[in-house]
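S.K.: Given next are the chains, with one letter for each unit.
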Amino acid sequence: MDWKRRHVLGLADFRIEEMEFVVDTARSMEEVLTRDIKKVPALRGKTVVNLFFEASTRTRTSFEIAGKRLSADVVNFSSSTSSVTKGETLLDTAKNIEAMKPNIVILRHYASGSPHFLSRFVSCSIINAGDGANEHPSQGLLDLYTILKAKGKINGLKIAIIGDILHSRVVRSDLHSLGRMGANLWLCGPATMVPKEMERTGAKVTYDIREAVKDADVVMMLRIQLERQKTAYFPSLREYSCKYGLNRAVFSLAKEDAVIMHPGPINRGVELSDELADSAQSRILNQVESGVAIRMALLYLLAGGHDAAH
Amino acid sequence: MLLIKGGRVIDPASGRDETGSVVLENGKVKDFLPGDQAPKGFQGRTIDAAGKWVLPGLIDMHVHLRDPGYEWKEDIRSGTRAAAAGGFTSVACMANTKPVNDHPEITRYIREKGEREGFANVFPVAAVTRGLEGKEMADYAELAEAGAVAFSDDGKPVASSLLLRRALEYAKAFDFLILSHAEDRELSGEGAAHEGWTAHRLGIPGIPAAAEEVAIARDILLAKQTGGKVHIQHISTKMGVALLRMAKKTGLPVTGETAPHYFTLTDALLEGYDTNAKMNPPLRGEEDRMAVLEGLNDGTIDAIATDHAPHEDYVKRCEFIAAANGIIGLETALPLSLTLLSGGKMTPARIVELLSANPAGILKLAGKGSLRKGADADVAVVDPEMEWEYRRQDILSKSRNTPFLGWKLKGRAVATIRGGRVTHSLLPGVAVDG
Chain A
10 MDWKRRHVLG LADFRIEEME FVVDTARSME EVLTRDIKKV PALRGKTVVN LFFEASTRTR
70 TSFEIAGKRL SADVVNFSSS TSSVTKGETL LDTAKNIEAM KPNIVILRHY ASGSPHFLSR
130 FVSCSIINAG DGANEHPSQG LLDLYTILKA KGKINGLKIA IIGDILHSRV VRSDLHSLGR
190 MGANLWLCGP ATMVPKEMER TGAKVTYDIR EAVKDADVVM MLRIQLERQK TAYFPSLREY
250 SCKYGLNRAV FSLAKEDAVI MHPGPINRGV ELSDELADSA QSRILNQVES GVAIRMALLY
310 LLAGGHDAAH
Chain B
-4 MLLIKGGRVI DPASGRDETG SVVLENGKVK DFLPGDQAPK GFQGRTIDAA GKWVLPGLID
56 MHVHLRDPGY EWKEDIRSGT RAAAAGGFTS VACMANTKPV NDHPEITRYI REKGEREGFA
116 NVFPVAAVTR GLEGKEMADY AELAEAGAVA FSDDGKPVAS SLLLRRALEY AKAFDFLILS
176 HAEDRELSGE GAAHEGWTAH RLGIPGIPAA AEEVAIARDI LLAKQTGGKV HIQHISTKMG
236 VALLRMAKKT GLPVTGETAP HYFTLTDALL EGYDTNAKMN PPLRGEEDRM AVLEGLNDGT
296 IDAIATDHAP HEDYVKRCEF IAAANGIIGL ETALPLSLTL LSGGKMTPAR IVELLSANPA
356 GILKLAGKGS LRKGADADVA VVDPEMEWEY RRQDILSKSR NTPFLGWKLK GRAVATIRGG
416 RVTHSLLPGV AVDG
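Which chain is which? The protein sequence lines are A and B, in order.
The first sequence maps to residues 10 to 319 in the working numbering.
The second sequence maps to residues -4 to 429 in the working numbering.
Since the hints were made in silico from the structure, they are not lab data.
Being a predicted model, the structure only gives us computed values, none of them experimental.
Positions of the beta carbon are idealized from the N, C-alpha and C atoms, including for glycine.
Be aware that a few hints might be false.
[As the list claims (entries may be wrong)] No more than 30 angstroms apart at the CA atoms, straight line, and that leaves these computed lysine-lysine pairs for DSSO-like: (1) Lys151(B) <-> Lys224(B); (2) Lys162(A) <-> Lys223(A); (3) Lys205(A) <-> Lys233(B); (4) Lys233(B) <-> Lys213(A); (5) Lys243(B) <-> Lys219(B); (6) Lys130(B) <-> Lys224(B).
[Unchecked claim] Quick list of the computed label-pair ranges, beta carbon to beta carbon: (7) Asn21(B) <-> Thr98(A): 52 to 58 angstroms; (8) Glu97(A) <-> Arg125(B): 33 to 39 angstroms; (9) Val84(A) <-> Ala205(B): 43 to 49 angstroms; (10) Gln220(B) <-> Asn105(A): 52 to 58 angstroms.
Given the sequences, and given the hints that come with them, work out the whole structure.
M.R.: This is the structure:
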């Protein structure tokens, strides 16, 4: 396949073949991760900037490790240590970074659409590492990869996603990756956090976790993002945990070989019981592992590694 | 003397829609002559209006001229120049200037600068509450004496129902009008776009239709309680239109306006996070747009007003949620309004009501909104067939924040006359008066 894409802004405009191609590339990247010396020279001399305007440890670290495994020079820029606090606009910050000639900027920003906006003004590649409640494309791809590894297919699987759908960029990317690959998606959570309009994606909406989990192949729990809530969307964490938390009893409604996923970080005992988080059915750490491979694949493809290799 | 000759004179206030000539003298309409005749021995200037429409000058009852305080966005001169180009001869400007127009000195400044430099009549709207802070009533009587034609906390709506009740009750004794930006700010919260499918899909925090509707209902109920007059600004939702319709049926002293973008565009425009699709109230869904059209057709909505809201480029050149609200509208309102004719449900006379006669009536602007004998010599000569492209370099406003750039529009003011003087002309041989 020809890789023509300069940016990865979201999965909304990804074709199925492109997603499959990223996963195939990630597979070959994963082989690198099994070696003693986990490093290849594919991106030697290339600069990757992690431009993060929102707190994130795991996504940033995952991209950083991915870049380093490919021998890129990886630089981290986060808003707390930048001139952003001095009132610089996003565009000016990005232009300043660009003047230092990076090849790829990985952007995490609290405003939906900010990578789309910046892509109109900069010449380097942009990877969206999460924009507001819009998308988190590398997460959508790593979820796809993780499920493929666990189940061998996507088409026809019942996948329940449970939690704060309203504010979740993970869901909006998964709807494109898993949804378009033919998964039977169920979205569940308190009605205040699950807009009925989301049914227009083809997913089913329910407010009953039992209905969502029943006969599911995959149950994906979302973090209750307490930090995002300025007004209460549900009465208490205790009630949330009772009605929408995943525990052994609810999970027993799923298929026998069902797996549990979570984009992290987990609120142990809130959306996911302590016991299930560490259970054999959990694929949460596999997600983290797949994440590095997927991000290596994206960096490799965007940096033109694909052209060089062929 | 100025003769506007042989055009289709559409003046709903006097029930006229026929070919004729309008004679202007000493800033007033002197006469109407049927056909294309000139008065005997006529010696003055003539504008040949054959094939054109001759309308009472358009009146935009909702603009932001940003003067005083934000003159880099717009000022009274540039804003009224854009108005004249759009066929407008009068504008009512909102109070969210800096300082806020909550003091007679500011009202007088706006009025006097308008008289001195304006290409259109400038009617200041003063604040309902001091500093638009929603806490204390402004001095309505003094502000009215200084020239305020109405009161509005547009942009920062009055949250307190009690304060609004008192304001309506107090203002009633003087027959003052309150223009209401109807919005429950708690419900709109951090929303940046209409809460609907598009915003959900794009992950943009939503402004529910109820944020507007709850406030419209409250305003109507307070008008009922007090007998005070309320005009609902920029109605954008289906239920908002329905509430106004019900209030009118009940005989309450309530009127309402909408803006061209609410009957032309929907939230589908948000795709790609175009910040020129960001305004407050936000662009709504197709069902809302259709309801606004219906409200315009059946007489529920009284006026089309632009909510002309100029902003410099860089406050729109940013991430969507951070972008300033609003678009400019004076130069596009007329052609966008003329598209209403294509449905076949509306007459040209109704469009003149919406853009001139009704705003004059609502704001009680004496001598405006009609071409009857003795009225002010404010006229728009319109070519309803002229096709043109709205281009960035032609914009007369200081700001260029509009989603209509590159649009092919039909219908344009080819000459605008205010007080008998030409303020805008695209006609060969007709010069703008200095």
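S.K.: Next step is simple, just say for each hint if it's right about the structure.
M.R.: Evaluation of the provided hints:
As the CA atoms of lysine 151(B) and lysine 224(B) are separated by approximately 19 angstroms, the hinted pair is consistent with the 30 angstroms bound. A hinted pair counts as satisfied when its Cα atoms are at most 30 angstroms apart, and lysine 162(A) with lysine 223(A) qualifies at roughly 19 angstroms. Of the pairs offered as hints, the one joining lysine 205(A) and lysine 233(B) holds, with about 19 angstroms between alpha carbons and a cut-off of 30 angstroms not exceeded. Among the hinted pairs, lysine 233(B) with lysine 213(A) is consistent with the structure: their alpha-carbon atoms are about 27 angstroms apart, no more than 30 angstroms.
Distance check on the hinted pair: lysine 243(B) and lysine 219(B) sit about 11 angstroms apart at the alpha-carbon level, within 30 angstroms; holds. Of the supplied pair hints, the one linking lysine 130(B) and lysine 224(B) holds, its CA atoms being roughly 20 angstroms apart against a limit of 30 angstroms. In this structure the hint that asparagine 21(B) and threonine 98(A) lie 52 to 58 angstroms apart at CB holds, the actual value being about 53 angstroms. Separation of glutamate 97(A) from arginine 125(B) is about 35 angstroms and conforms to the stated range, judged on CB atoms against 33 to 39 angstroms.
Taking 43 to 49 angstroms as the suggested C-beta distance range, the pair valine 84(A) and alanine 205(B) conforms, at roughly 46 angstroms. Range check, glutamine 220(B) to asparagine 105(A): about 57 angstroms between beta-carbon atoms, so the 52 to 58 angstroms window is met.
The structure shown violates none of the earlier numbered hints.
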